[in-house]
Amino acid sequence: MMNEQRREFIRKAGFGVLAGLGVAAGIVPGYSLEKTVLPAWDEKPVAGKIRWGMLIDTRKCKEGCQQCVAVCHHEHNVPDFGNRKDEVKWIWKSPYEKVFPTATQQFKSKELSERSCLALCNHCAESPCTRACPTEATFKRWDGIVAMDYHRCIGCRFCMAACPYGSRSFNWQDPRTAIKEASTSYPTREQGVVEKCNFCSDRLVKGLQPACVETCPEHALTFGDLNDPKSDIRMLLETNTTMQRKPELGTKPSVFYII
Amino acid sequence: MIEKALKGNRSYWSWIGFLVLVIVSGILAYGRQRWFGLTVTGMGRDVSWGIYIAQFTFLVGVAASAVMVVLPYYLHHQKEFAKTVIIGEFMAVSATLMCLLFILADMGRPDRVLNVLLFPSPHSMVFWDVTVLNGYLVLNLVSAWTVLGAERKGVPAPAWIKPVIYLSIPWAFSIHTVTAFLYAGQPGRHLWLTAVLAPRFLASAFAAGTALLILVSLILKKTTGFDTGKEAREKLVVLMIYAGLANFFLIGTEFFTAFYSNVPAHRHTLQYLYFGLEGHSQLVPFMWFSLVCGLGALGVLMTPKLKQSTLWLAAASAAMVLSIWIDKGVGLIIGGFVPSPLEEIVEYSPTVTEISITLGIWAIGILLLTLLLKVFVAVKREHAQ
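Chains as they are written, first to last, in the working numbering: chain A, 1 to 259; chain B, 1 to 385.
Hints may be right or wrong, so weigh each one.
[Claimed, not checked] Between beta-carbon pairs, the in silico distance windows are: (1) B:G149 with A:D202: 56 to 62 Å; (2) A:I179 with B:H123: 33 to 39 Å; (3) B:N262 with A:K12: 49 to 55 Å.
[Stated by the list, open to error] Short derived list, chain A residues pointing at chain B, Cβ under 8 Å: (4) R84; (5) V99; (6) E136.
It is worth saying that the hints were derived from the structure and are not from the lab.
None of the values given here were measured: they were computed from a predicted structure.
Just so you know, even glycine gets a beta-carbon here, dropped at the ideal spot from N, CA and C.
Build the full structure now, drawing on both the sequences and the hints.
What follows is the structure, encoded as structure tokens:
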């Protein structure tokens with residue numbers, strides 16, 4: 001008799017504790033065990049006051065125009081070897097389905113399948129390249145820019161294997177021999193290090209917009225602070241349907257596209 | 001003890017001379033690479049790793065496979081491995097040295113290699129890999145050298161070496177697991193983005209490593225008359241069969257997941273490697289040859305009659321090594337970059353400079369193994385007298 005009562009008591013007490021834990025988990029969010037946000041492209045704010053971002057309106061971008069590419073590559077002393085193997089590029093145009101290979105659609109219009117889209121470093125909020133780098137030669141800045149320290153890079157090219165956007169280039173040979181017209185605005189690099197778009201951090205400190213944004217004759221590019229709800233870029237994100245490249249990988253790119 | 005490597009017959013010295021020649025040609029090629037940059041290799045913007053990193057991956061497996069003799073000998077007291085265990089450890093030492101040299105050869109700025117230690121970055125798998133590889137090199141060198149030294153003096157090995165040897169067992173698993181994590185953690189490379197990569201690495205390593213150990217023991221028997229024993233080789237064959245079966249089973253599971261689920265990104269690289277993709281099929285013959293070699297080797301080893309013949313045993317072991325070498329050394333690393341993140345197909349083939357450097361590093365590893373085994377055989381002989 002006693003035994004059975006005791007057993008019953010233990011059983012009820014057990015349920016009580018479980019229920020208590022459940023309630024606690026509901027009331028105090030910190031107690032909940034599961035905090036994952038389901039969509040990879042969730043609205044999780046990114047730490048830091050500023051998070052620079054870019055919006056590219058691919059509808060405005062003119063076919064055949066290469067002005068932003070030319071200006072960027074000139075300004076940053078990006079070499080041109082004229083072959084694909086040694087190619088170094090910071091910003092370039094590729095067909096829509098290559099820039100968005102996981103967002104291709106069947107039966108798309110002829111115009112869209114022929115459209116070229118700009119591709120550059122996405123300055124991901126969750127950047128796989130900075131995670132892979134063994135020396136912090138590539139690192140996340142306080143303002144969301146994924147930066148490079150060319151003097152620390154050991155040239156292991158791990159970041160290139162890690163980048164799911166093909167945005168990184170390696171200096172397979174001395175780049176200084178392939179710069180047609182040297183620019184004084186940005187230092188040249190050496191053989192054996194990786195480089196990529198720096199969101200014009202060299203111009204931002206001078207209060208200037210990135211070179212590509214400033215140059216675009218169609219005003220197809222908008223640059224601004226993604227953490228500031230009143231910025232132009234956020235206004236445009238609010239009023240347009242936009243896309244990021246390969247959002248399913250959870251990298252949270254800071255470059256957005258209007259298709 | 002090392003002085004024993006300085007006494008040898010004519011064929012010993014011509015072998016050493018040959019290796020030195022290959023090393024010199026590798027050094028000259030490396031000079032060219034340092035001067036002109038990695039542009040002298042077949043690598044490029046799209047396939048940014050080539051045979052250097054592929055050799056590195058294969059050799060981490062060879063190094064890890066020492067555990068296949070260390071574990072049964074020291075933990076399960078399988079006495080048959082008494083004469084093989086130090087060979088396994090020395091093989092691990094030279095394989096690990098080659099791994100480190102291949103990483104160095106692949107670097108754009110090898111002069112800055114110490115940055116990996118000066119700015120330790122635990123979030124990077126490379127940091128862990130460098131740490132475990134160097135640790136493994138030391139563990140095996142110390143274990144084998146100490147045990148051999150004690151044997152030479154005819155005294156039991158010091159007690160402190162036991163924990164070092166025990167530590168090397170989980171350490172062997174760690175080096176190949178961490179090496180798999182170098183690849184398996186990259187979000188955009190679907191051939192690598194699979195949880196079975198580390199188990200597959202271990203299985204293929206244990207298959208190729210035991211096969212290589214059998215080959216080395218047969219070569220030693222032929223060239224020096226020192227025999228590690230038929231029983232040891234038979235046990236290694238059993239291990240090789242199980243590891244080989246596990247490896248091909250895991251490859252099969254990759255095929256099932258990719259092709260049954262029908263997710264394009266998962267299919268693409270396997271399609272490229274085994275059937276060709278959009279007219280590009282450079283690696284297809286290699287991959288099928290690898291499958292035929294590996295499965296053929298397993299077939300031979302599972303046939304009791306053939307297994308008894310030394311010739312068939314050597315052929316099957318060589319076929320297994322070749323199969324895994326192609327699978328990891330050609331398919332896995334180069335295939336990982338095809339198609340590129342923008343789904344373009346760029347094919348890669350190594351240049352003469354690249355191959356010379358690769359052969360040079362292999363020769364350095366084989367030279368070190370030759371010297372270590374020379375000492376080993378000399379000590380064993382002395383002891384037997």
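Check your understanding: Which earlier hints turn out false for this structure, listed by number in ascending order?
Key -> Of the numbered hints given earlier, the structure breaks none, since each of them holds.
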